[in-house]
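Build the complex: two chains, separate frames, hints provided.
Sequence order for the protein chains is A and B. Under the working numbering, the first residue of the first sequence carries the number 1, and numbering increases by one thereafter. Under the working numbering, the first residue of the second sequence carries the number 176, and numbering increases by one thereafter.
Be careful, since some hints might not be right.
[As the list claims (entries may be wrong)] With a Cα cut of at most 30 Å, we get these calculated DSS-like pairs of lysine-lysine:
hint, chain 1, residue 1, chain 2, residue 2
1, A, Lys124, B, Lys254
2, A, Lys118, B, Lys279
3, B, Lys363, A, Lys118
4, B, Lys279, B, Lys363
5, A, Lys124, B, Lys363
6, A, Lys124, B, Lys279
7, B, Lys254, B, Lys279
8, B, Lys254, B, Lys363
Simulated from the structure, these hints should not be mistaken for laboratory data.
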Amino acid sequence: MSARRAVESVLLQLPFRLVLGGLFCVAAWAKLHDPQSFAEAIKGFRVLSEHDHAFLITAAAFMIPWVEMVAGVALILGLWTRAAALALGLALIGFVVGLVSVIARGIDGDCSCFGDMKLICDSKVGWCQVIRNLVLLLPAGYLVIRGGGLVAIDALLERPARSEADPLDDPADRA
Amino acid sequence: MLCVGSTLSRLLSIIGLAFLLAAGHAYVRVAWMDKRPIALTRQAATPSPAPTPATDPAADPALPADPVVSDDPLAAPVKPGSITLREAYDLFQQGAFFLDARYKSDYRDGHIEGAFWMPASRVTTPDGMADLQIIEPGGIVVIYCTGGDCDASENTAIRIENSGFSFDIRIMGKGYVDWVDAGLPIEKGMP
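So that you can see chain B by itself, here it is in the shape it has in the complex (with noise of 0.2 Å):
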């Protein structure tokens, strides 16, 4: 027979528990660990620099055709901390160093070339340590997802801020899906 009032204060009784438990979990990581609980936002977000000048698509063939530089699509406006698809196409040129922070099957079907596979989870990893030591500090670093309003980039961006690399990270604005429909350079498969 289904006893209503003791479900109810026995479940009050399991959340209760939980709830001691949960705070003592964030003590220990807090106290012991010397770990913020949680980070959900990035402690030093780099600002975004000032606009670089278009490229002229005259001397550059794998951009399109840029007649009036305001219509450039890749200058699309993109929200306040992060970089234009134009000014991610430049640090590519000048060989800043490319995070794809999308699942691994995404990464798999296709990746900005020459991009690490860099979800957040993988940071702190053996795997993924590696891969980052392999940037120099100080050295630019340029995190993208899938595009629209996905924050995969910024969870990665705030995991390598923690795990102490003192890379200059920009997060692309615009995703991959943008940088693909702009015929920039891409490569297929795991490395």
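Bound-form chain A, shown alone (with noise of 0.2 Å):
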């Protein structure tokens, strides 16, 4: 069991937390780098008024990069890492409610997801960027799921926590 735990955290759980973080955090920073691109986008939805809820655009404008970004850096860590992986699927949800609204309503958006860089899609607002999402959606639900895996933050704390409950049995095997 412990063997399968470790062939799983070294192929799964660390490749996905890497991948994820890392893609979220690089997503974060073309945001925080421009938040007056990122509030644009995101008026470009037209979900939200720009004269009623100014307010809402410019919290979202910041509010969202602030997560994709301690969330990112939490996973890359391993540290909260369900709690992490949790936060970014749910973004990653919005963020596919939010597309596929535009391209219902055939509104020309820029989306921003990464500021000016393109990763596999244009940053044209199209089916790409959900197909994208939901791609990405899969290593998030997988790590809520499972966790970090071994060679995780969480492992660290968690070990001596099973150890001082029951000495003989395998912390791997409760992970």
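As structure tokens, then:
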């Protein structure tokens, strides 16, 4: 069981954490570097009016990238992995809903998902971004269910507590 | 084993930490960098000028026949604060600067003759600033995007105003698609 867990940690959980966390850190950095562009993208989604809900757009333009950054760093470190993956998963679901809504209404919107950078898709809102986000949901969901694995700060933090509780029990089996 | 309680409380902690960082970020932008945290609307939108008389189609072969002024497709009404296609074309003939706020690929595929490529994100770049410095202070600048309800031109206008330029900015209510449909001058490629 421990060997299986170790293989899973190295082959699945660690790569998923690094890739997903890294992507969101890059995305967050691009948005934090230019919050005005991200606010314009949110405005372009036409969910909130820039006249009536300017404060909400401004708050979202600062909040969303910082959630991505904090959760991305936590995921890379393997700290609070499930919560971080859940935060990013919820963000991805929100992005998918927003993107589909923009496409359905025929709006020529700008995703601004990675700032001016292109990751597989163009900056223009389209199905490519929806599919990309749905693909990213898979590792996020996996990490929510399975946790960060053995190569994570979570594993280090949980080990002493388990050892005290039952020194004969294999902590990996209970992770 | 998934512990829902601790996961949710940690999720709230992540959101709380992000909130504190976001608030600090916005505060630093305002207090130390002396910027508006975010500008979503223009501070001093130029009112739409009074409608100009329709250009005589006989004198201008570039314009389609216009037997009845009220049915002039170039004078189709646009949202308040923006100018009609005919007003834009009159300014084009007077030598006003045109800025294309669309994506680079769209600009490369075709743009209004002589227009600079200027999406909002390019305004504050060295290249964008260099292009804008060509225009005299107070000069008339017409900004356009794809058409319909696109707001890229307004975003570019906001950035230009916030960057300290004092142009007489006009937003073209109709977009590039309408300009092309009217058979008005375009060109292709990057300058």
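Now for the hints, and whether the structure bears them out:
| no. | hint | in the structure |
| --- | --- | --- |
| 1 | A/Lys124 to B/Lys254 | 24 Å, holds |
| 2 | A/Lys118 to B/Lys279 | 13 Å, holds |
| 3 | B/Lys363 to A/Lys118 | 24 Å, holds |
| 4 | B/Lys279 to B/Lys363 | 12 Å, holds |
| 5 | A/Lys124 to B/Lys363 | 21 Å, holds |
| 6 | A/Lys124 to B/Lys279 | 11 Å, holds |
| 7 | B/Lys254 to B/Lys279 | 26 Å, holds |
| 8 | B/Lys254 to B/Lys363 | 28 Å, holds |
Checked against the numbered hints listed earlier, the structure breaks none of them; every hint is satisfied.
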